[in-house]
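**Q** Taking the hints into account, I'd like the entire structure generated from these sequences.
Protein chains in written order, with our numbering: chain D, 56 to 343; chain C, 56 to 343.
Hints listed in this document are in silico derivations from the structure and should not be mistaken for laboratory results. Please note that a few of the clues may not be correct.
Which copy? The list can't say, so a pair holds if one copy fits it or any two copies do.
Said to hold, decoys possible - Think about it this way: if two alpha-carbon atoms lie no more than 30 angstroms apart in a straight line, the pair counts; the simulated DSSO-like pairs of lysine-lysine are:
(1) Lys289 - Lys130
(2) Lys331 - Lys224
(3) Lys80 - Lys107
(4) Lys325 - Lys130
(5) Lys80 - Lys289
(6) Lys126 - Lys289
(7) Lys336 - Lys130
(8) Lys126 - Lys325
(9) Lys80 - Lys98
(10) Lys126 - Lys98
(11) Lys98 - Lys69
2 protein chains.
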Amino acid sequence: MVLYVIGLGLSDEKDITVKGLEAVKSCERIYLEAYTSILTVGKERLEAFYGKPVVIADREMVESEADVILKDADKVNVAFLVVGDPFGATTHTDLVHRATELSIPVIPIHNASIMNAVGCCGLQLYNYGQTVSIVFFTETWKPDSFYDKIKMNTDMELHTLCLLDIKVKEQSIENMARGRNIYEPPRYMTINTAVEQLLEVHETRAAASPESKPAYTKNSIVVGLARVGCDDQKIVAGTLEELLTVDFGGPLHSLVIAGKMHFLEAEVVKAFAVDKETFDKYAVVSQH
Amino acid sequence: MVLYVIGLGLSDEKDITVKGLEAVKSCERIYLEAYTSILTVGKERLEAFYGKPVVIADREMVESEADVILKDADKVNVAFLVVGDPFGATTHTDLVHRATELSIPVIPIHNASIMNAVGCCGLQLYNYGQTVSIVFFTETWKPDSFYDKIKMNTDMELHTLCLLDIKVKEQSIENMARGRNIYEPPRYMTINTAVEQLLEVHETRAAASPESKPAYTKNSIVVGLARVGCDDQKIVAGTLEELLTVDFGGPLHSLVIAGKMHFLEAEVVKAFAVDKETFDKYAVVSQH
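**A** Following this line, the structure appears as structure tokens:
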């Protein structure tokens with residue numbers, strides 16, 4: 056019949072839309088994509104709310120078992136649930152592609168994602184440049200292409216939304232080598248770690264080309280957002296250095312690097328400032 | 056008690072979240088912001104769905120009668136409904152500000168907006184640059200600052216989301232001069248009009264500085280999106296020239312100017328192409 060790809064929004068089981076909930080209830084099987092983002096509630100809460108079982112779909116399953124997910128979808132409805140909006144992640148592109156090949160209609164049901172909900176920090180959505188991703192650095196792998204993108208944005212006085220890394224169902228090198236299906240606990244990058252990595256890259260780049268204007272410095276104003284849309288969401292603004300030590304609590308975290316702020320934007324952001332004096336000192340604000 | 060600012064999503068009464076619907080039902084008064092965006096259903100459908108009356112809040116009311124909207128909000132809950140996400144528009148910033156002054160807690164409830172739902176056209180959200188607005192040209196007023204922003208985006212190979220103008224509750228110059236409260240019918244910019252204006256600006260700019268690389272030409276690939284999230288949504292890709300004459304039906308319309316497309320993006324967009332041959336001829340596609 057139909058493959059529904061349903062956005063769950065950002066927080067808990069009640070952030071699904073009424074349309075999405077009706078679709079879920081019409082489905083014979085329900086899968087939850089659980090490796091690019093998370094809600095603050097587990098699948099048990101979803102199952103209780105829907106009155107139906109929910110199957111966790113990990114990366115392996117979505118990427119290699121599309122036909123299992125789509126089994127009988129020409130006769131029954133199947134729901135594929137995605138945290139945020141269905142089109143926020145690209146992970147299920149293959150699934151949708153496969154459904155189309157099998158002539159199974161795909162109906163997406165939209166919802167909030169961090170890409171628009173970030174507006175709650177007071178920086179207007181139409182003043183953002185390209186979004187960047189910051190992944191966990193390792194001793195030997197420190198991908199820093201975000202730096203050039205942030206630089207392009209700040210050169211144009213635009214804000215930058217930084218999406219922070221999530222590692223789910225990772226194997227240690229040892230377990231992988233031995234073929235043991237033992238997985239590490241999930242890791243969600245904190246704002247503190249993101250700030251550390253940003254400062255590390257800043258130092259490397261500044262040392263390499265001391266004459267060029269940096270994308271940001273330790274005194275640049277940024278806004279950290281944790282658990283956007285939840286009752287206990289936390290938004291704190293400050294310099295990168297100030298945010299190094301702020302405790303934002305549990306996941307998910309995001310970070311915005313402010314470009315030039317309109318004074319009305321600055322007013323809202325300042326209300327979140329960890330220190331209003333340093334905010335006034337370092338914020339770049341336009342009066343018109 | 057609480058001012059809820061509730062996103063309604065993009066299509067009809069059932070795009071509200073379950074959390075949003077519960078909030079609405081707890082409210083003594085419900086206002087609908089109806090001048091920056093619209094659903095495909097009228098307030099009667101919302102009233103029937105909520106089982107409560109809904110008051111249309113026009114610009115005048117939101118900007119100058121915040122205290123009427125907030126009356127008794129220290130004792131009862133008040134809902135302010137916004138099409139899309141609460142933070143998509145800036146129109147109610149003053150209302151939220153006034154509530155804060157009166158120590159009334161403000162709780163936003165997020166939802167989809169075109170800023171993230173546009174992902175449905177196949178161009179990935181993290182490959183967009185700054186969003187631009189295109190307003191109705193008049194004989195004497197043709198604001199074209201969008202051109203420079205689009206140029207910055209396409210120079211960086213990024214896509215551009217163009218939000219198209221809405222005119223609600225406008226007065227003719229004559230009626231305004233005579234102080235008559237007679238309003239013109241609402242106008243929603245079509246994709247065709249946006250394309251005409253884009254081409255007009257292109258010609259002016261190209262004539263003024265023929266040596267510089269244009270932001271786009273009549274052969275640039277764009278994607279028109281109408282009524283995103285509705286059952287009858289329409290997505291068509293083609294060159295600007297090709298989209299001049301495509302009938303997209305009723306509002307709301309949006310337009311995306313494609314930058315360089317990853318081949319997986321191009322595959323999805325091509326499925327929407329009005330002519331696959333011209334698409335292949337003019338699409339700028341990267342293979343990695």
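**Q** Is it within, between, both, or neither for Lys126 and Lys325, if the alpha carbons may be no more than 30 angstroms apart?
**A** Between. Shortest inter-copy distance 27 angstroms satisfies the 30 angstroms Cα cut-off; intra-copy 52 angstroms does not.
**Q** With 30 angstroms as the alpha-carbon cut-off, assign the pair Lys80 and Lys289 to within, between, both or neither.
**A** between (33 angstroms within a copy, 27 angstroms between copies)
**Q** When Cα atoms must be at most 30 angstroms apart, do Lys336 and Lys130 count as within-copy, between-copy, both, or neither?
**A** neither (63 angstroms within a copy, 40 angstroms between copies)
**Q** With identical chains, the pair Lys80 and Lys98 could be close in the same copy or across copies; at 30 angstroms between alpha carbons, which is it: within, between, both, or neither?
**A** For Lys80 and Lys98, the Cα distance is within 30 angstroms both inside one copy (15 angstroms) and across copies (27 angstroms).
**Q** Within a copy, between copies, both or neither: which one fits Lys80 and Lys107 at a CA-CA cutoff of 30 angstroms?
**A** both (8 angstroms within a copy, 26 angstroms between copies)
**Q** For Lys98 and Lys69, with the copy left unspecified, which applies at a CA distance of at most 30 angstroms: within, between, both, or neither?
**A** Answer is both: 13 angstroms inside a copy and 24 angstroms across each meet the 30 angstroms cutoff.
**Q** Is it within, between, both or neither when you check Lys325 against Lys130 at 30 angstroms Cα-Cα?
**A** between (55 angstroms within a copy, 29 angstroms between copies)
**Q** Should Lys289 paired with Lys130 be assigned to within, between, both, or neither, using CA atoms and 30 angstroms as the limit?
**A** between (45 angstroms within a copy, 26 angstroms between copies)
**Q** Given a CA cutoff of 30 angstroms, do Lys126 and Lys289 count as a within-copy pair, a between-copy pair, both, or neither?
**A** Between copies only: 29 angstroms across, 42 angstroms inside.
**Q** With 30 angstroms as the alpha-carbon cut-off, assign the pair Lys126 and Lys98 to within, between, both or neither.
**A** Within. Shortest intra-copy distance 22 angstroms satisfies the 30 angstroms Cα cut-off; inter-copy 41 angstroms does not.
**Q** Please sort Lys331 with Lys224 into within, between, both or neither, judging by C-alpha distance up to 30 angstroms.
**A** Neither. Shortest intra-copy (41 angstroms) and inter-copy (41 angstroms) distances fail the 30 angstroms Cα cut-off.
Figure legend: structure checked against the earlier numbered hints; hints not met, in rising order: 2 and 7.
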